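Q: Could you build the full structure based on these sequences and the hints that come with them?
There are 2 protein chains.
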Amino acid sequence: MKKERQQPCVHTDKQARHIETSSDDTMFMEEAIRLSAENIDLGGGPFGAVIVRNGQIIAGGTNRVVPNNDPTAHAEIMAIREACNKLKTFRLDECTIYTSCEPCPMCLSAIYWAGIKRICYGNTKDDAKSIDFDDSYIYDQIQLPNNKRDIKSQNIMRNEALKAFQKWSIKEDKTPY
Amino acid sequence: MKKERQQPCVHTDKQARHIETSSDDTMFMEEAIRLSAENIDLGGGPFGAVIVRNGQIIAGGTNRVVPNNDPTAHAEIMAIREACNKLKTFRLDECTIYTSCEPCPMCLSAIYWAGIKRICYGNTKDDAKSIDFDDSYIYDQIQLPNNKRDIKSQNIMRNEALKAFQKWSIKEDKTPY
Numbered sequence: 001m002k003k004e005r006q007q008p009c010v011h012t013d014k015q016a017r018h019i020e021t022s023s024d025d026t027m028f029m030e031e032a033i034r035l036s037a038e039n040i041d042l043g044g045g046p047f048g049a050v051i052v053r054n055g056q057i058i059a060g061g062t063n064r065v066v067p068n069n070d071p072t073a074h075a076e077i078m079a080i081r082e083a084c085n086k087l088k089t090f091r092l093d094e095c096t097i098y099t100s101c102e103p104c105p106m107c108l109s110a111i112y113w114a115g116i117k118r119i120c121y122g123n124t125k126d127d128a129k130s131i132d133f134d135d136s137y138i139y140d141q142i143q144l145p146n147n148k149r150d151i152k153s154q155n156i157m158r159n160e161a162l163k164a165f166q167k168w169s170i171k172e173d174k175t176p177y
Numbered sequence: 001m002k003k004e005r006q007q008p009c010v011h012t013d014k015q016a017r018h019i020e021t022s023s024d025d026t027m028f029m030e031e032a033i034r035l036s037a038e039n040i041d042l043g044g045g046p047f048g049a050v051i052v053r054n055g056q057i058i059a060g061g062t063n064r065v066v067p068n069n070d071p072t073a074h075a076e077i078m079a080i081r082e083a084c085n086k087l088k089t090f091r092l093d094e095c096t097i098y099t100s101c102e103p104c105p106m107c108l109s110a111i112y113w114a115g116i117k118r119i120c121y122g123n124t125k126d127d128a129k130s131i132d133f134d135d136s137y138i139y140d141q142i143q144l145p146n147n148k149r150d151i152k153s154q155n156i157m158r159n160e161a162l163k164a165f166q167k168w169s170i171k172e173d174k175t176p177y
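Chains A and B are the protein sequences, given in the same order. In case it helps, the numbering used here puts the first sequence at residues 1 to 177. In case it helps, the numbering used here puts the second sequence at residues 1 to 177.
Don't take each hint at face value.
In this list, chains with the same sequence are indistinguishable; a pair is considered to hold if it fits within one copy or across any two.
EDC-like mimics (lysine to aspartate or glutamate), calculated; alpha carbons at most 16 Å apart, straight line [said to hold, decoys possible]:
1) K117 <-> D93
2) K117 <-> D150
3) K174 <-> E38
4) K125 <-> D173
5) K129 <-> D150
6) K174 <-> D132
7) K167 <-> D25
8) K167 <-> E38
Source of the hints: derived by calculation from the structure; they are not laboratory data. Since the model is a prediction, treat every value here as computed from it, not as a measurement.
A: Take a look at the structure:
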């Protein structure tokens, strides 16, 4: 993180809530892009993301699929995990994510689960496709009914599985999300 | 894991490749369901999954969103991470995932990224909706064009972001995936 550039936006509890402006957008996207380029030299893919709340970068992430042996280690997922870990929450409702590339469906879904309010992205899905990261295949697949997808899917033992849902339904001290 | 039940399916390099049968499906799904029910008592959500290769359970996972403060910690994602970590790979091409509930779009996309070949699930999306885990909202949202989604999305600084993609394109010693 470039601390000297973040300084004008550092948030303290005493400050009024900071609303991101277009110049903030530029600064935060520059950091996401910087991470994406740096990550190539560090053995990862060309993707970076930062999560911002109240004008302050909470966390950054890069694509670590290959070095970490983790197909879920996309930049946005890494940034969400890190931000939630730092803030001790599973919700990022007040946050914007700046990502160097338009999110794939896994990351977009994670952004929804996290409750992030806004997405800024640099490269488009088509740009990603042009360097052989083809998210559009997965976007197309998940829109199909189960029996039309390339990965075969089978529903078995529903009645047995339902018992855990019933157990959950009657549990009193649960945290819904 | 119920070791005594796994034993008939334990794979060794000396064995011919094991092809899953419907009785194997029952056994593996029972384990996914057992994990889903046990996880409720452990402070997690009512979801469990196991990943199987050549008739052997490689890894299991449960929903740990709330206890881990991680909105990406769904059972399938946890199982994929664990299986990849154990096998030292980011691809699970030879694997089947048994999950106690039909995957949400984040997990389904992760299953595609991991290259898993087959999905068996117990509870359906509608069952999940009936206990207030409504994946259908996210399925509906990701099918919309960017400007129609509830989370606002903005494309900025594409030319700057493209430079990292160009850097990746000309890198010679990269691992494509």
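Q: Next, verify each hint and record whether it holds.
A: Hint by hint, here is what the structure shows:
1. K117 <-> D93: Answer is within; shortest intra-copy Cα gap is 6 Å, inter-copy 35 Å.
2. K117 <-> D150: between (32 Å within a copy, 8 Å between copies)
3. K174 <-> E38: So K174 and E38 pass the 16 Å test across copies only (14 Å; inside, 42 Å).
4. K125 <-> D173: Classified as neither; 42 Å inside a copy, 24 Å across copies.
5. K129 <-> D150: Neither: 20 Å inside a copy, 25 Å across copies.
6. K174 <-> D132: The answer is between: 12 Å across copies meets 16 Å, while 43 Å in one copy does not.
7. K167 <-> D25: neither (46 Å within a copy, 23 Å between copies)
8. K167 <-> E38: between (48 Å within a copy, 10 Å between copies)
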